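Put together the whole structure using the sequences plus the hints.
4 protein chains.
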Amino acid sequence: MTDDNTTGAPATQPLGAVSTSRVEAFSDGVFAIATTLLILEIAVPHVGEKGDLFRALFDLWPSYVSYAVSFVTIGLMWINHHYLIGLFARVDRPLLFLNLGLLAVIAFIPFPTGVLAEYLVDGDQQQLFAAATLYGVTMIGVSGFFLLLWMHVRRATGSLKNPAAAVPAAGRAIVFCLCALAAYLIAIAVGALAPVVSLVLFAAVASLFALGRYSR
Amino acid sequence: MTDDNTTGAPATQPLGAVSTSRVEAFSDGVFAIATTLLILEIAVPHVGEKGDLFRALFDLWPSYVSYAVSFVTIGLMWINHHYLIGLFARVDRPLLFLNLGLLAVIAFIPFPTGVLAEYLVDGDQQQLFAAATLYGVTMIGVSGFFLLLWMHVRRATGSLKNPAAAVPAAGRAIVFCLCALAAYLIAIAVGALAPVVSLVLFAAVASLFALGRYSR
Amino acid sequence: MTDDNTTGAPATQPLGAVSTSRVEAFSDGVFAIATTLLILEIAVPHVGEKGDLFRALFDLWPSYVSYAVSFVTIGLMWINHHYLIGLFARVDRPLLFLNLGLLAVIAFIPFPTGVLAEYLVDGDQQQLFAAATLYGVTMIGVSGFFLLLWMHVRRATGSLKNPAAAVPAAGRAIVFCLCALAAYLIAIAVGALAPVVSLVLFAAVASLFALGRYSR
Amino acid sequence: MTDDNTTGAPATQPLGAVSTSRVEAFSDGVFAIATTLLILEIAVPHVGEKGDLFRALFDLWPSYVSYAVSFVTIGLMWINHHYLIGLFARVDRPLLFLNLGLLAVIAFIPFPTGVLAEYLVDGDQQQLFAAATLYGVTMIGVSGFFLLLWMHVRRATGSLKNPAAAVPAAGRAIVFCLCALAAYLIAIAVGALAPVVSLVLFAAVASLFALGRYSR
Numbered sequence: 000m001t002d003d004n005t006t007g008a009p010a011t012q013p014l015g016a017v018s019t020s021r022v023e024a025f026s027d028g029v030f031a032i033a034t035t036l037l038i039l040e041i042a043v044p045h046v047g048e049k050g051d052l053f054r055a056l057f058d059l060w061p062s063y064v065s066y067a068v069s070f071v072t073i074g075l076m077w078i079n080h081h082y083l084i085g086l087f088a089r090v091d092r093p094l095l096f097l098n099l100g101l102l103a104v105i106a107f108i109p110f111p112t113g114v115l116a117e118y119l120v121d122g123d124q125q126q127l128f129a130a131a132t133l134y135g136v137t138m139i140g141v142s143g144f145f146l147l148l149w150m151h152v153r154r155a156t157g158s159l160k161n162p163a164a165a166v167p168a169a170g171r172a173i174v175f176c177l178c179a180l181a182a183y184l185i186a187i188a189v190g191a192l193a194p195v196v197s198l199v200l201f202a203a204v205a206s207l208f209a210l211g212r213y214s215r
Numbered sequence: 000m001t002d003d004n005t006t007g008a009p010a011t012q013p014l015g016a017v018s019t020s021r022v023e024a025f026s027d028g029v030f031a032i033a034t035t036l037l038i039l040e041i042a043v044p045h046v047g048e049k050g051d052l053f054r055a056l057f058d059l060w061p062s063y064v065s066y067a068v069s070f071v072t073i074g075l076m077w078i079n080h081h082y083l084i085g086l087f088a089r090v091d092r093p094l095l096f097l098n099l100g101l102l103a104v105i106a107f108i109p110f111p112t113g114v115l116a117e118y119l120v121d122g123d124q125q126q127l128f129a130a131a132t133l134y135g136v137t138m139i140g141v142s143g144f145f146l147l148l149w150m151h152v153r154r155a156t157g158s159l160k161n162p163a164a165a166v167p168a169a170g171r172a173i174v175f176c177l178c179a180l181a182a183y184l185i186a187i188a189v190g191a192l193a194p195v196v197s198l199v200l201f202a203a204v205a206s207l208f209a210l211g212r213y214s215r
Numbered sequence: 000m001t002d003d004n005t006t007g008a009p010a011t012q013p014l015g016a017v018s019t020s021r022v023e024a025f026s027d028g029v030f031a032i033a034t035t036l037l038i039l040e041i042a043v044p045h046v047g048e049k050g051d052l053f054r055a056l057f058d059l060w061p062s063y064v065s066y067a068v069s070f071v072t073i074g075l076m077w078i079n080h081h082y083l084i085g086l087f088a089r090v091d092r093p094l095l096f097l098n099l100g101l102l103a104v105i106a107f108i109p110f111p112t113g114v115l116a117e118y119l120v121d122g123d124q125q126q127l128f129a130a131a132t133l134y135g136v137t138m139i140g141v142s143g144f145f146l147l148l149w150m151h152v153r154r155a156t157g158s159l160k161n162p163a164a165a166v167p168a169a170g171r172a173i174v175f176c177l178c179a180l181a182a183y184l185i186a187i188a189v190g191a192l193a194p195v196v197s198l199v200l201f202a203a204v205a206s207l208f209a210l211g212r213y214s215r
Numbered sequence: 000m001t002d003d004n005t006t007g008a009p010a011t012q013p014l015g016a017v018s019t020s021r022v023e024a025f026s027d028g029v030f031a032i033a034t035t036l037l038i039l040e041i042a043v044p045h046v047g048e049k050g051d052l053f054r055a056l057f058d059l060w061p062s063y064v065s066y067a068v069s070f071v072t073i074g075l076m077w078i079n080h081h082y083l084i085g086l087f088a089r090v091d092r093p094l095l096f097l098n099l100g101l102l103a104v105i106a107f108i109p110f111p112t113g114v115l116a117e118y119l120v121d122g123d124q125q126q127l128f129a130a131a132t133l134y135g136v137t138m139i140g141v142s143g144f145f146l147l148l149w150m151h152v153r154r155a156t157g158s159l160k161n162p163a164a165a166v167p168a169a170g171r172a173i174v175f176c177l178c179a180l181a182a183y184l185i186a187i188a189v190g191a192l193a194p195v196v197s198l199v200l201f202a203a204v205a206s207l208f209a210l211g212r213y214s215r
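Residue numbers (numbering that gives the first Met the number 0), protein chains in the order written: chain A, 0 to 215; chain B, 0 to 215; chain C, 0 to 215; chain D, 0 to 215.
Hints were generated in silico from the structure; no laboratory data involved. Model, not experiment: these values are computed from the prediction. Yeah, the Cβ is synthetic: ideal placement off N, Cα and C, and Gly gets one too. Just so you know, not all the hints are guaranteed correct.
As the list claims (entries may be wrong) - Cβ-to-Cβ under 8 Å is the rule here; a few derived chain A residues that face chain B:
hint, residue
1, Arg21
2, Phe25
3, Gly28
4, Val29
5, Leu36
6, Leu39
7, Leu99
8, Ala103
9, Phe107
10, Tyr118
11, Asp123
12, Ala129
13, Ala130
14, Leu133
Take a look at the structure:
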């Protein structure tokens with residue numbers, strides 16, 4: 000079995016099974032690319048002759064902030080993702096499809112990030128509310144797929160390495176995901192009155208992901 | 000041999016042989032990037048001052064649908080690709096070249112996806128037919144390369160881990176690929192009359208890939 | 000040593016040595032991304048209302064051809080790259096820096112590919128000559144770095160797995176690289192008279208890479 | 000433990016620990032993509048009918064220089080990154096978060112590279128100063144995160160493979176990082192008088208990374 004461990008199909012697994020290492024490799028790729036594509040949303044500013052490039056670069060600060068928040072958010076999701084996948088001894092079909100859904104939402108994040116950066120300064124309140132809503136809905140998608148994945152951990156005890164430890168961890172994670180979902184919903188609602196507050200709440204929820212026991 | 004299993008050239012293989020793990024790593028990269036680049040086809044909408052950003056974001060729904068369908072389609076192709084590569088004990092030249100051809104078509108998918116998103120709402124019937132045809136032809140390329148790869152599985156019994164199990168599986172997969180090819184041809188033809196029906200058929204074939212015994 | 004083989008720093012290697020598997024992982028990433036970025040050079044055509052999208056998509060054929068040739072070329076380079084790296088038991092500094100140079104040229108390929116696609120049909124003879132020259136110079140860069148890498152194989156016998164087999168292979172590869180360099184120079188020169196002939200020669204050299212004994 | 004070494008969660012590690020190999024895989028992805036995205040900053044030049052494409056391609060030389068310098072810089076950072084990560088036996092939380100911060104700055108590099116290329120020829124002195132400052136500040140970010148990471152190496156002896164060798168190495172690396180930080184600050188300050196000198200200094204610091212004992 001040793002010499003098979005990088006090919007993803009040990010002889011003892013059923014024909015055509017996808018190994019956890021292959022799922023991780025593909026997921027790592029999507030996470031890495033999604034974070035890196037964020038930079039493409041920041042266009043080189045074109046100031047005319049004698050234009051003030053310092054000023055133009057400074058005025059891009061909403062793009063820098065959006066970039067940083069999204070990069071860190073995706074990075075934290077990556078940490079949590081590996082925690083979760085690492086619990087599984089083998090990949091079953093629901094895991095495969097839920098993971099694909101999660102990755103689709105992760106890879107989507109550069110778009111709301113770009114929209115947010117575009118309207119963070121120049122947009123009016125209504126436009127900023129729209130941008131914040133798009134970002135929040137995307138994060139709800141992320142949290143929702145994590146919720147479904149953790150619910151699957153509790154059901155799929157036969158696929159886990161160590162069900163006795165993983166199931167209680169899944170219980171805590173589910174509570175965490177439900178709180179995150181609620182926080183994102185509140186953040187969006189608050190945005191109707193004060194969009195900037197939404198953004199602070201988004202950053203706060205991301206911080207909770209970093210600080211919480213959950214991702215340890 | 001143990002300490003060679005990540006370098007792709009165990010001493011017992013002929014000099015310069017490409018290991019299956021290296022083919023998988025390169026392929027994983029192309030699949031992951033192709034899915035992630037899909038998001039670049041969705042441009043940040045520029046509404047003027049007081050413009051309705053909610054509306055503008057909502058009007059992008061064809062882009063979201065195209066993104067989701069293409070992401071899931073490429074994801075399913077990835078699952079099937081690993082199933083197929085996992086059958087091989089060593090990489091021969093036809094596998095290497097057919098795999099390269101398949102990856103070239105997979106990496107092409109963001110382009111027809113972008114065209115489809117562009118013309119799904121604003122395009123007239125004729126333009127939508129053209130966009131659907133481009134998408135269908137691309138999918139025919141994908142199915143065609145899978146067909147050739149499965150035909151190679153049947154021939155290259157000396158390169159397989161377990162020919163007794165793989166050859167019948169290849170037979171079933173060939174039938175599946177031929178059905179998919181036929182379905183894509185029909186979908187394109189139907190598009191001349193009702194392009195929207197093409198799109199429904201494309202999604203249906205993708206679902207079959209997900210639900211069928213083939214990708215289990 | 001077994002449990003260290005994926006971390007890139009077996010205890011018996013000097014502190015901070017970069018393993019061949021890490022060099023391959025980074026290189027695989029660059030190769031995979033360079034191939035996949037090629038598609039971004041093909042922009043979604045914007046035809047006006049009632050515009051003929053079939054025609055517009057058909058008129059992009061130079062882009063499709065450039066995409067296919069560059070994808071296959073990078074793919075063949077990838078195969079040759081793994082052949083070469085697989086000869087090494089450990090990574091020395093010249094290998095590290097020559098490899099970085101090679102990757103810089105590989106990652107550059109989407110740019111000349113885009114220029115070629117842009118001027119293949121609409122450009123006049125002089126413009127097509129310029130585009131073909133840029134493409135040829137890039138390929139000379141690729142072949143030149145491969146030449147330097149193979150010359151390093153001959154010198155660095157202490158870093159090789161099997162010097163007795165690798166050194167003669169390097170000799171043959173050096174001859175091959177010199178021929179490729181000469182062919183690219185001739186192709187560029189011919190382009191001054193008939194640019195289209197350059198392109199045919201570029202494709203021919205790529206085919207030699209595929210068919211030759213070298214990449215077997 | 001052997002058959003777990005690619006899944007990132009050996010049974011003897013605490014539940015949910017992230018392995019060094021997973022951190023390397025994710026980091027490799029970000030490094031590879033950041034280098035490859037650099038090429039997207041070079042747009043295909045559009046010369047009109049009878050326009051001089053040779054001239055237009057030649058005039059892009061600042062883009063080529065910026066591309067090469069950034070590619071080599073990121074490549075050297077990648078070498079140093081693996082040296083550092085390879086010292087760790089297990090990944091602790093500060094390493095995880097500092098690494099994420101470093102990657103965020105690395106993935107940012109295509110943006111200042113694009114700005115520099117844009118203003119290297121056409122920009123006036125003030126604009127070039129701004130572009131050089133942005134590039135220098137980004138490099139200060141890179142050096143700063145490397146400094147923090149090396150300071151962490153000295154503290155986190157319990158996470159290291161071989162603290163007796165790693166701690167003195169970290170001491171030397173910290174001195175190196177402080178020198179690089181100082182050099183970048185001086186380069187930025189000099190840029191107020193002569194921006195081109197900044198660029199020469201940036202390239203010089205990058206060369207030091209390559210030649211110094213540090214990255215050996």
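These are the hints, each one checked on the structure:
A least Cβ separation of about 6 Å between A:Arg21 and chain B falls short of the 8 Å threshold, and the interface hint therefore holds. With a least beta-carbon distance of about 5 Å to chain B, the hint placing A:Phe25 at the interface is held under the 8 Å criterion. For A:Gly28, the interface hint holds, the least distance from its beta-carbon to any beta-carbon of chain B being 3 Å, beneath 8 Å. Against a cut-off of 8 Å between C-beta atoms, the interface hint on A:Val29 holds, since the closest Cβ of chain B lies about 5 Å away.
A least Cβ separation of about 6 Å between A:Leu36 and chain B falls short of the 8 Å threshold, and the interface hint therefore holds. Given the 8 Å rule on beta carbons, the hint for A:Leu39 holds: about 7 Å separates it from the nearest Cβ of chain B. At about 4 Å, the closest approach between the beta carbon of A:Leu99 and any beta carbon in chain B falls short of 8 Å, and the interface hint on this residue holds. Satisfaction of the interface hint for A:Ala103 is found here, the shortest Cβ-Cβ separation to chain B being roughly 4 Å, below the 8 Å cut-off.
Taking 8 Å as the C-beta cut-off, the interface hint given for A:Phe107 holds, the closest approach to chain B being about 6 Å. Against a cut-off of 8 Å between C-beta atoms, the interface hint on A:Tyr118 holds, since the closest Cβ of chain B lies about 7 Å away. Below 8 Å, beta-carbon pairs count as interface contacts, and A:Asp123 has one with chain B at about 7 Å; its hint therefore holds. The restraint placing A:Ala129 at the interface with chain B holds, with a minimum CB-CB distance near 4 Å, inside the 8 Å limit.
Checking A:Ala130 against chain B by beta carbon gives a least distance of about 7 Å; that is within 8 Å, so the hint holds. With 8 Å as the threshold, the beta carbon of A:Leu133 comes within range of chain B, its nearest partner Cβ sitting at about 6 Å, so the hint holds.
In this structure, none of the earlier numbered hints is contradicted; all agree with it.
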